[in-house]
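K.L.:
Note that the protein sequences, when read in sequence, are chains A and B. Using numbering that gives the first Met the number 0, read the first sequence as starting at 0 and increasing by one per residue. Using numbering that gives the first Met the number 0, read the second sequence as starting at 0 and increasing by one per residue.
Derived from the structure by calculation, the hints contain no laboratory data. All figures in this text were calculated on a predicted structure; none of them were measured in a lab. Glycine included, C-beta positions come from ideal geometry on N, C-alpha and C. Do not rely on the hints blindly, as some may be mistaken.
[Said to hold, decoys possible] Below, simulated EDC-like cross-link-like pairs (lysine to aspartate or glutamate); rule was C-alpha separation at most 20 Å, straight line:
(1) B:Lys448 with A:Glu864
(2) A:Lys958 with B:Asp147
(3) B:Lys415 with A:Glu114
(4) B:Lys125 with B:Asp113
(5) B:Lys288 with A:Glu960
(6) A:Lys959 with B:Glu418
(7) B:Lys422 with A:Glu157
(8) B:Lys422 with A:Glu968
(9) B:Lys288 with A:Glu114
(10) B:Lys430 with A:Asp755
(11) A:Lys792 with A:Glu965
(12) B:Lys87 with B:Asp147
[Said to hold, decoys possible] Stretches of chain B that chain A covers, calculated by requiring three or more beta carbons in the stretch to come under 8 Å of a beta carbon on chain A:
(13) 235 to 241
(14) 416 to 422
(15) 426 to 439
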Amino acid sequence: MGNHKKYWKSEVELSSDNKMISDLKNNEFIDELPVNTLLGDKNNLENSSTNRRDFLKYLGFSTAAATLASCEGPVNRSIPYVVQPERIIPGISNYYATSIADGYDFANILIKTREGRPIKILNNSKAEVKSSANARVQASVLSMYDSMRLKGPTANGEVTSWDKLNNDVKSELNLMLAANSEVVLLTQTFASPTTSKLIKDFLNKYPNIRHVVYDAISDSKALDAFEITYGKRALPIYDFSKADVIVSIGADFLGDWQGGGHDTSYVKGRVPLKNKITKEKAKMSKHFQLESNMTISGANADNRISLSPTQQKIALAKIYGHISGNVVSGKLPENIEIQIKNISNSLIKSGNKGLIITGLDDVNAHLLTHKINDLLKSISIKKDEVSLIKEGNDSEVLELVSDLNSGKVKGIIMCGVNPVYTMPNSDEFVSGINKAQLSICFSMKNDETASISKWAAACPHYFESWGDNEMVSGNFSLTQPTIRPLFDTMQFQDCLLKWMGSENSFYDLIKENWNENILEKKSWNEALHDGFYKSNSKLSLKKINYDFLNAAKNLSNAKSNGLELVLYSKTGMGDGQQANNPWLQEFPDPITRVSWDNYLTVSKFDAKKIGLKNQNVANGALDSNYANINASGVNMKVPVIIQPGQARGSVGLAFGYGKINGIKKEMQVGVNAYRAYHNFNSLQNVEISPIDENHEFACVQLHNTLMGRGDIIRETTLEVFNTKKVSEWNAITKVSLNHIETPVNSPEVDLWDEFDRSIGHHFNLSIDLNACTGCGACVIACHAENNVPVVGKSEVRRSRDMHWLRIDRYYSSDESFDGDNKTKDEINGLSDSLSVFGEMENPSENPQVVFQPVMCQHCNHAPCETVCPVAATSHGRQGQNHMAYNRCIGTRYCANNCPYKVRRFNWFLYNNNDEFDFNMNDDLGKMVLNPDVVVRSRGVMEKCSFCIQSTQAIILNAKKERRLVEKDEFNDACACSAACSTGAMRFGDINEKESKVAELKESERVYHLLDTVGTKPNVFYHVKIRNTDEV
Amino acid sequence: MLYFCALKLMYFFKYLVKRNFYFLNVFSSLFTKRCFVSLFASNFLLSLCFTLNLTAQEPDIAKGKSLFNANCASCHKLNKKLIGPALKGVSAKYEKEWLYSWIKNSAAMIKSGDERAVAIYEEYNKVAMNSFTQLSNEDIDNILAYTDYVPPKPELPVSGAPVGENVGSSPVNDIVLVLLSFILIVLIVLLLLINKTLKNLIPENDNLDKNKIDPKRIPIWKAFVQNQFLVLVSVVVLLLSSAYFAYGYMLQIGVDQGYMPIQPIHYSHKIHSGDNQIECQYCHSSAKKSKHSGIPSLNVCMNCHENIADYNGEEDLEKGYTKDFYTNEIKKLYKAVGWDENSQSYTGDVEPVKWVRIHNLPDFVYFNHAQHVTVAGIDCQKCHGPVEEMEILYQHSPLTMGWCINCHRETNIKVKDNEYYTKIHEELSKKYGVKELTAAQMGGLECGKCHY
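So that you can see chain A by itself, here it is in the shape it has in the complex:
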């Protein structure tokens, strides 16, 4: 039976004479298809040189040719040395001790080279000071293989030769000497005894030259204050491990404060250890942090008080008042007053075991902290050593700019500085430099300054140079080249020697100076081997009398008008020297977890007041509108991050971004905060207004709170830790087995049979949440060791970052995490849970913060292994979860089944791909790759391997030498544990009973991440202990 129902598309069809309907009936497409114009033109077709048959022929031929070509393997060439250097064995790494001193970062390090290529940086544990490399130093190896480096000297933008440059500069200098016109030598802080000597000789030869030291991020006021107090322009050396009470007022001492590197001694006093024999109570220092921006120091503090800079100044003055017994005026909110009183009492109580420091950019603040420490007789400040890594003098730099413009200074020689980028009054400097008769800039890049200087002198990376430095008085380090210069470069010091008419090289000079003045008759070769020499000479600092009460008065009179901007440096970018380093650009900020950007951090309160917004878009990514900052006439358009813990009335902005010259397009991100750095003061008054324009962030962590899930981060207080049983603060989780609560570690709970791992090695990684400061050196070290690709901003925004190791940062939604747990437990019923959980997503205004490094947990009962359809991931007897990339077909089942979300999928081919124009896309950048680790291709899963290439290498070395693996030899196997300067990460073999990691595994603080899922990980964490005890 036929169906004669008629379906109407619309009522228009009812009228039979509608033209559109009839047109549609006859013609499917109303607009004529352009077929005829394309193929109907006979002439066109006939004149075409390619007809259909030809096309098919070409197609067939090219297909056949491609098929044939793919059948044949490529011919690989091997080119041996003509004369093999004695110490190089292909396939074996060599290590050299050296030091970095780029004007911002100073550290003693080891460089690992393979076949003559430096590929990684390690800590030089033999050095007694500054022996740890932070994230930037770790990444500096890639900055050498930067394709944007200057490849040779230029004169007025034209390529020139060194001979010509040196001759021209020399004759110019002699002319200027004859005319007695003033020249300025503007340099970074070298902290180098031999360079200082050389510059002194140079200035003797050319008395018309004046030396000015310029630090892009200035510590001039701290230097001034120290000079006033102790008569030496230097910075003090602190030993935080000796302090019971640490009070930091705006000092991010775990970050870059006064050159950084304070974390090792700080953590020594922060890990509570119970003495098993004497049953003595565990002790740890108590850390108060009063600050505006949320810093990693604030995140690690036991008690963080967010205060605007002005309030901090008053608070400091008040603490001084309490301790010295003077009355200090100034107004603070009442609850803050109480807390300040508490802090002061704690300091007084702790006596010489108290320490107060400040990061306020104010001479008076530094003077007061010196005075308070002196009153406390603090033993945490060393009296026989000073830090020499900052020399910059603000007033001299400012004078230079005006002198250049007035024509008083006629020439300028620059090295290690980029004032056009870093000066707040950059325009004035540019006009000054254009007036100068002589301008020469030693730089690795054709940066903002080099490009406007008459001569751009290409200088080598520190891996290619000789040098020496004295970072801490009496502690000397050497810098030695580890590779022949990649380009036609010449060191600044060698040029100075040339200009002075000397035949010597800088190396000769260093050796001579060391043998004569430093080594005290010890061996030069030994010093070069160690990279470090500690001399026996000691300083003795003498106090100078000063009216400190006046300083306190000045401080307490501080007034704020409007918002206060606190300029800071990010852990990843620092002062911006390495802005063209993709590892650092992609490195997520430890606090905000945002990569590829700088931004204005603003408190929730102020954001609401001004109208600044953050929102998550449909795919979860973070967006914001912009803020217009007006800092004394300078306007900047900056994206915004609403930062929990940011003090009301203050905003933060990081240096180091917004570079344009000598930097790849992808890396030209952020805004240049130096424009607001008026008078080199990091505290500025600003006006802020919203701009209704959307900004897209690349943020790797979108959920900021723990929602009361205590099984992810376990923490307790020192008091509970000391007095209560383990079962109360670190209980074994119970799960329901046949409706009976059973401990998760009992065998009947497990789906799998236990595998005996007592034979051979069994690797474990210990992570102490008390010792982890969140500095991120491990993240970059892991990058370098494992050839982790950089994916770029838009991919990170899609949560496709490839970091094998991430450091999660959680805020508490309540005042503390403990409060969160209580709130969660008190939830009653569905509606309650919906509303409360909704609220718990928002962090508190001044939250507790915790860092948790997470990498593959190498579960003994790994959920990923059971779901892989091709058995590409499997378990080794040594406890490592293996990943055979060549076997992986990319189903991503494993990543979906991983409770820790540590597996990373290669969505694209990240090497040799112009879409990802980072280091793996150019021949130079690829030289940093570790030849022992494969570069993964598109479509495969990858993850942390417990650096199996290193564990295997250590085992092989033992086998070759026919010995057992030495005690703790495995600790430096993992790039992360080797990079960790605080000992938060420790790797090793738990079957080796004397090893550190086996001892740590026995600690009662040990817990496993998400132990309820029963994965039995080989990574274990230590419960975080906060010292909330009254002192």
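Using the hints provided, position chain B relative to the given structure of chain A.
P.N.:
Coordinates of chain B only, in the frame set by chain A:
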């Protein structure tokens, strides 16, 4: 029947031919060797023969040669300047007594101001010759006899044919050839005879068949098409067999067993490690320390080749490996390393050699030579084959994962004298209930041991 016979005969014939060729090869190789012995490397033997007939007072050339090689060869050559002058016919230039005292103590002679001694000293960059006080006058006589010895010229072959052709036209070969052709003729005759008999039989059979055929019978291909089952079966068989072959083909993709590329310098492992018995690790020294066996840098070659400028070993004329050919290859080395033979010095003008890599493992495989060479003590030949016999090096093993794993399953751990293994071997072997552990039981089959 006919077909079968023919096939069988053919096989037999093929076999014979093969065997004969084999014989031929054996004969010819034997003969070549003899040729070599008699024609090219005769000095030594000849001199031996001579000495047997001569009185004891006469200098002994063979002894002289060995003395020369032991004492003089590091600085002197017969026909060429090295560190010292060429020694061919040296006794004609200087009287014997002078030579005795020079060889025994040249320094003293230079000191005493002997004109000729000082002249030599000046000529050779003021490098004094070592004193050889241990040599007796008789020894020196022997050495001089050797340096003076001119080998008798080999008899020229008749009609001036090149030496190489001699090999082909030897009497033994002729006999073999005659024999062969005789057998061949016999075979052909046999074949013809059989063929004839069979042909005679055919007509009778044909008649028989024709009578039996049913005119209505369907042709066989039609019957085949109609039988669907048969079609199905044959399609399945066809598919399966093609899948089998396709699989076989695909399995060998990327397997370069037998890969024998032409190298920029014809380097013969046969001469170096076969004839001259040079240890593999003398040149491939990093094999015992590192993951790479390492292609020796050219300075390693020059350790020996500073003194060895000409090839003096056996030749393979069939393939064109003559002395000149090899000597020419040594010159290529000199060019690459920048060695000037005349001045016996390095010019600094180098040109690295771009060898073609033969053993290529994919990037995702980690292989470590030291583990296998130093720890396991495996012979290089186990994987690389009879390198000492390879004139041109080729890839001996398939280098597939199956091949690796097979060996790991079969090879025992070398526990002896290795403290690393002592404890773990004891515990593991107890666990597995075996006396000796294989590499596989030690964890040598785990993915992550080779793939990271």
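K.L.:
None of the hints should be skipped; say for each whether it holds.
P.N.:
Hints versus structure:
1. Pair hint Lys448 of chain B plus Glu864 of chain A holds up; C-alpha atoms about 17 Å apart against a cutoff of 20 Å.
2. Simply put, Lys958 of chain A and Asp147 of chain B have alpha-carbon atoms about 56 Å apart, too far for the 20 Å limit, and the pair is violated.
3. The suggested pairing of Lys415 of chain B with Glu114 of chain A is violated, with an alpha-carbon distance near 33 Å, which exceeds 20 Å.
4. Between Lys125 of chain B and Asp113 of chain B the alpha-carbon distance is near 15 Å, which keeps this suggested pair within the 20 Å criterion.
5. For the given pair, Lys288 of chain B sits about 10 Å from Glu960 of chain A by alpha-carbon distance, which is consistent with the 20 Å threshold.
6. The straight-line distance between the Cα atoms of Lys959 of chain A and Glu418 of chain B is roughly 10 Å, inside the 20 Å bound, and the hint therefore holds.
7. Distance hint between Lys422 of chain B and Glu157 of chain A is unfulfilled; the C-alpha atoms sit about 68 Å from each other, more than 20 Å.
8. Of the supplied pair hints, the one linking Lys422 of chain B and Glu968 of chain A holds, its CA atoms being roughly 18 Å apart against a limit of 20 Å.
9. Proposed proximity of Lys288 of chain B and Glu114 of chain A is supported: the alpha carbons are some 14 Å apart, at most 20 Å.
10. Distance check on the hinted pair: Lys430 of chain B and Asp755 of chain A sit about 10 Å apart at the alpha-carbon level, within 20 Å; holds.
11. Of the pairs offered as hints, the one joining Lys792 of chain A and Glu965 of chain A is violated, with about 43 Å between alpha carbons and a cut-off of 20 Å exceeded.
12. Between Lys87 of chain B and Asp147 of chain B, the direct Cα distance comes to roughly 6 Å. Compliance with the 20 Å bound is thereby established for this hinted pair.
13. Only when three residues or more bring their CB closer than 8 Å to a CB of chain A does the claim for the region 235 to 241 of chain B stand; here the count is 0, and the claim is violated.
14. Coverage of the region 416 to 422 of chain B by chain A holds [criterion: at least 3 residues with CB-CB distance below 8 Å; count 6].
15. Three residues within the 8 Å Cβ limit are the bar, and the region 426 to 439 of chain B against chain A gives 3, so the coverage statement holds.
Hint check: violations occur at hints 2, 3, 7, 11 and 13; the rest are consistent with the structure.
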